[in-house]
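*Asks:* Chains as they are written, first to last, in this note's numbering: chain A, 1320 to 1484; chain B, -18 to 773.
It is possible that some hints are incorrect.
To be verified - The calculated lysine-lysine pairs, modelled on DSBU-like cross-linking and capped at a C-alpha distance of 35 Å, are: (1) A:Lys1465 x B:Lys415; (2) A:Lys1349 x B:Lys(-6); (3) A:Lys1477 x B:Lys(-6); (4) A:Lys1330 x B:Lys(-8); (5) A:Lys1349 x A:Lys1399; (6) B:Lys434 x A:Lys1465; (7) A:Lys1349 x B:Lys107; (8) B:Lys551 x B:Lys571; (9) A:Lys1465 x B:Lys(-8); (10) A:Lys1477 x B:Lys(-8); (11) B:Lys415 x A:Lys1436; (12) B:Lys255 x A:Lys1349; (13) B:Lys(-6) x A:Lys1465; (14) B:Lys(-8) x A:Lys1399; (15) A:Lys1465 x B:Lys758; (16) B:Lys257 x B:Lys87; (17) B:Lys(-6) x A:Lys1399; (18) A:Lys1436 x B:Lys(-8); (19) B:Lys551 x B:Lys(-6); (20) B:Lys107 x A:Lys1330; (21) B:Lys(-6) x A:Lys1330; (22) B:Lys(-6) x A:Lys1436.
Calculated directly from the structure, the hints in this document are not laboratory data.
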Amino acid sequence: MPQVTLTVNGKRHTVAVEGRTLLVEVLREKLGLTGTHIGCDTSQCGACVVHVNGDSVKSCTMLALQAEGAEVTTIEGLAKPDGTLHPMQEMFREHHALQCGYCTPGMVMSAIDLVAKHPEGLTEREIREGLDGNLCRCTGYHNIVKAVAAAWPLMHQKAMPAAAE
Amino acid sequence: MGFEGIGAAVKRKEDGRFLAGRGNYVDDINRPGQVYAYFKRSDRPHARILRIDTAAAAAAAGVVAVYTGADFAADGIGGLPCGWQIHNKDGSPMAEPPHPVLAQGKVRHVGDPVVAVLAETRQQAKDAAELIEIDYEDLPGTASVLDALKPGAAVVHDEAPGNLCYDWQIGDKAAVDAAFAGAARVVRLDLTNNRLVPNAMEPRAAIGECDVAGNYTLYTTSQNPHVIRLLMGAFVLHIPEHQLRVVAPDVGGGFGSKIYHYAEEALVTWAAGKLKRPVKWTAERSESFMSDAHGRDHVSTAEMALDAEGHFLALRVSTLANMGAYLSTFAPAVPTYLYATLLAGVYKTPVIYAEVKAVFTNTVPVDAYRGAGRPEATFLLERLVDAIAHDTGIDRIELRRRNFIPANAFPYQTPVALQYDSGDYETTLAAALKAADYAGFPARRQAAAAQGKLRGIGISTYLEACGIAPSAVAGALGARAGLYEVANVRVNPTGSITVFTGTHSHGQGHETTFAQVVADQLGVPVSQVDVVHGDTARIPFGMGTYGSRSIAVGGSALVKAMDKIVAKGKRIAAHLLEASVDDIEFKDGKFSVAGTDKSKTFGEIALTAYVPHNYPIEELEPGLDETAFYDPKNFTFPGGCHVAEVEIDRETGVVRVVNFTAVDDIGRVINPMIVEGQVHGGVAQGIGQALLEQAGYDAGGQIVSGSFMDYTMPRADNIPNIHVGTESTLCTHNPLGVKGVGEVGAIGSPPAVINAIVNALDAYGVRHLDMPATSQKIWSILQAGAPRMAAE
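Using the sequences and the hints, build the whole thing.
*Replies:* In structure tokens:
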């Protein structure tokens, strides 16, 4: 069986996988990182989003072998070692942007990538379109959008440009 | 601590673990030595099974066992039970055909499980299932209730000739017919309520386990673990309760679809007993589409008899309800007692008659989905009222006001069994119209028209019945279970509190709101209260969460249990303070002697109860741990007004909901942040139903919306910001005055959206539109004819 070596949340792992094994299966089943969820089988729901080399990726859409040498961050790797939450996690809590919690890890990972890649600011519409790849059945998205907008100034350490609001 | 009691927007206790990726959902659980189950399901709607050859699968790598329906028959295992029995007009019971765990003889819908393959790995089980050969003799199938009732239609069950499950009625037919005979006018509307797939984001999963002594554990994605234990233990597998533990840990959304006892739960538990190894199954989303109970799917005719001024004289409704291929746990109750009893709505219609035929088809079973019967009733009524306004020319707001049950008429007995205890529909209507700037709509419409957009506004003034249910009433109506709730309040020796509730939280935030109720009543901080749910080995026998019942029924049980705690605490305090029990007051976490400064804190009383050195031991047991069951006296009746404003792109037919306002009367609010979140989510599901969602079947029963690629779920850019307001009248018959909020959003919103679209299309002569109002449907209307008048 082929092997893949990847770094997940700063820790290097070498695991034996089948050719068809998906990255999400390695995370959940081989590494016990069950915070990354599986919500569909057609790459539609985004519950499995993680960061691979700094980009958000649906980990059900990537073969584990494609992650050879990659740096992967999952929801478990966001908080600081002392437990301090990432600003996006903090704003999700503050704005009640989660209910059942199932879509939350993927939603948070997507939202972080969205905010990080838009230093020029984000309008409400852009946030909604930017989260188009993540399904949530509980919140109606209202509070998720609020949380992402609230996290932007915290992540960029400046006020959201007025033009973007 | 700041104020954390009833009414405070306390941040959720459960969020920490979810945000850190430390939730504990069923698929996150792995048991030592577990094998994986995979189901070979029917890929055809209706067929006789001629032969099943599992030899190659059984010999495949890693395969531990292969089971078919014959194995269950050989073991004397019957079918999955139905929890509700409806009676026909003539008093005879409904047809109740068997629902085997694995198909026996025939398959009746796409997704019907036929063979279970158990293997060392998930992939091995799946690979081996590919080697199974099944010879089928295809039979004609039906998907729609109209087709299934046609003479000569293929019969789904021999036990139900003509595919009729039941033919039920409610109300005074003679009085209604007389009112119609004397009416100045009759307005009729034919409408359907589209079939939906609940699609909680967590797919269902189950792990069965059995130890050497025959003690079973089932981990399952359930909204009601005790109900599953009772149904599966007593009626399917014959495992006594004390040897069956059901755990529903973190559950990723339910919306009704995780109430029911499903075949996969029975299979993994039964197989674990055979193999003495844990058996795990997790649904793939494609399986969810063909095995989770679907929702809605009604075809109805509604007629209102009116006097010359537009007063409602009588309502007559005839509905065909799709049951799917088998009766799911609550299915028969949904189009009857959760639907037809709601047909008075907020209106003082003096007489109502409804008849409902429930029909078997070759589709996935249909059962309660968020709102369950009440969205169907609300859509029918609120569309009918707008159709009356359309046909009579009476303003739709004025028409509603003319027919509202007035605020001084409560308690109000409807002609369809329910007695409303409280409500004020004029207040919620006025508040919603104001918040939505209804008066300013014409200017917005004009501005939109200038940009080539068709803008419309619609309202619905809805009511629902929840907090189910008084057990005796439910029993008289055919329920085979009681519907009370239970709470156990365990005060720990140092004064912290553990609450064990029979309700289940799968997104609702009970760990926070129930703790707030405790904080409010006992004066301890929320951080000192732990709420335990979802494990039959820990919680007392309660009925779980559905029908917006948790706070109304479970919260009431919690208050009753705390009343017992306070009563006992007073006796302990009286002893310590050398006073009469009658003189002890409990307030803000302190027991004090009235009119003195002598007091003991809650924590001191708790410690004394567990270290009873100075204690009235002759007359009082040690400990401070009380359980209460609460059987509600009535349903609760949330109601309100939803206002939707839409814009239609004339080129593409795309409908965008641009404003949405919900003003709901849900009784006392425990946590406004959570209440708003519940309304947001419900409204989004309602907008999804109105614009996007349709569980599609072809005429023969082949499923054509089998994944998120062809079933349109609402995404962030389909949903607007939602303005939520509350205007409360208190429930009069439960101790908290609460009514429930879980379903109001999904109940009130679909007709508001469709009414807005019909309003936007008024120039095109549109009187009614069935859901979902897809862009294709709207585009066709726009193409079909030039406007009767200039929309501008």
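*Asks:* Evaluate each hint against the coordinates.
*Replies:* Results for each hint:
1. A:Lys1465 x B:Lys415: 24 Å, holds
2. A:Lys1349 x B:Lys(-6): With a Cα-Cα distance of about 30 Å, the restraint between Lys1349 of chain A and Lys(-6) of chain B holds, given a limit of 35 Å.
3. A:Lys1477 x B:Lys(-6): 30 Å, holds
4. A:Lys1330 x B:Lys(-8): 33 Å, holds
5. A:Lys1349 x A:Lys1399: Holds, because 23 Å separates the two Cα atoms, which is no more than 35 Å.
6. B:Lys434 x A:Lys1465: At roughly 28 Å apart (the allowed maximum being 35 Å), Lys1465 of chain A and Lys434 of chain B satisfy the hint.
7. A:Lys1349 x B:Lys107: 19 Å, holds
8. B:Lys551 x B:Lys571: Holds, at about 10 Å.
9. A:Lys1465 x B:Lys(-8): 15 Å, holds
10. A:Lys1477 x B:Lys(-8): Holds, at roughly 26 Å.
11. B:Lys415 x A:Lys1436: 40 Å, violated
12. B:Lys255 x A:Lys1349: 28 Å, holds
13. B:Lys(-6) x A:Lys1465: Holds, at about 20 Å.
14. B:Lys(-8) x A:Lys1399: Answer holds: Lys(-8) of chain B to Lys1399 of chain A is near 21 Å, not above 35 Å.
15. A:Lys1465 x B:Lys758: Distance ~33 Å between Lys1465 of chain A and Lys758 of chain B Cα, so the pair holds.
16. B:Lys257 x B:Lys87: Roughly 30 Å between the alpha carbons, so the hint for Lys257 of chain B and Lys87 of chain B holds.
17. B:Lys(-6) x A:Lys1399: Holds - the C-alpha atoms of Lys1399 of chain A and Lys(-6) of chain B are around 20 Å apart, at most 35 Å.
18. A:Lys1436 x B:Lys(-8): Given pair Lys1436 of chain A, Lys(-8) of chain B holds - Cα atoms ~29 Å apart, limit 35 Å.
19. B:Lys551 x B:Lys(-6): 30 Å, holds
20. B:Lys107 x A:Lys1330: 32 Å, holds
21. B:Lys(-6) x A:Lys1330: 30 Å, holds
22. B:Lys(-6) x A:Lys1436: Roughly 31 Å separates the two Cα atoms, so the pair holds.
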